[in-house]
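Asks: Sequence:
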Amino acid sequence: MRIRLEGTRTEVIDALLHLRLHFTVIAASRLYPNRANPCYWRIHLTTTPRERR
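Count the sequence shown with my numbering and you get residues 141 to 193, in order.
One or more of the hints may lead you astray.
[As the list claims (entries may be wrong)] Pair by pair, the computed Cβ-Cβ distance ranges are:
| # | residue 1 | residue 2 | range |
| --- | --- | --- | --- |
| 1 | L171 | R192 | 15 to 23 angstroms |
| 2 | I143 | P173 | 14 to 22 angstroms |
| 3 | E151 | T186 | 27 to 35 angstroms |
| 4 | T186 | R149 | 26 to 34 angstroms |
| 5 | R142 | Y180 | 13 to 21 angstroms |
| 6 | E191 | T148 | 26 to 34 angstroms |
| 7 | A155 | P178 | 25 to 33 angstroms |
| 8 | C179 | L157 | 14 to 22 angstroms |
What the hints contain is simulated information worked out from the structure, not anything from laboratory work. Even for Gly, the Cβ is constructed at its ideal location relative to N, Cα and C.
Make the full structure from the sequences, and use the hints.
Replies: This is how it looks when you write it as structure tokens:
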């Protein structure tokens, strides 16, 4: 599954930490500033769901 996160740098990092609780992150791009609004950042993730226990 591909996921794109957008927000402030803090929001993106916080969301990534929360996503790792439920998904295995296979690959992550580096953080990029948005072209239209440089106050916001984006990152692309490739993930798989974690197995339920």
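Asks: Hint by hint, say whether it matches the structure.
Replies: Hints and how they fare:
1. L171 with R192: 15 to 23 angstroms: 30 angstroms, violated
2. I143 with P173: 14 to 22 angstroms: 19 angstroms, holds
3. E151 with T186: 27 to 35 angstroms: 20 angstroms, violated
4. T186 with R149: 26 to 34 angstroms: Violated - the Cβ-Cβ distance for T186 and R149, about 21 angstroms, lies outside 26 to 34 angstroms.
5. R142 with Y180: 13 to 21 angstroms: With Cβ atoms ~19 angstroms apart, the hint holds.
6. E191 with T148: 26 to 34 angstroms: Once the Cβ atoms are compared, 32 angstroms apart, the range 26 to 34 angstroms for T148 and E191 holds.
7. A155 with P178: 25 to 33 angstroms: 19 angstroms, violated
8. C179 with L157: 14 to 22 angstroms: The hinted range 14 to 22 angstroms holds for C179 and L157, with Cβ atoms some 21 angstroms apart.
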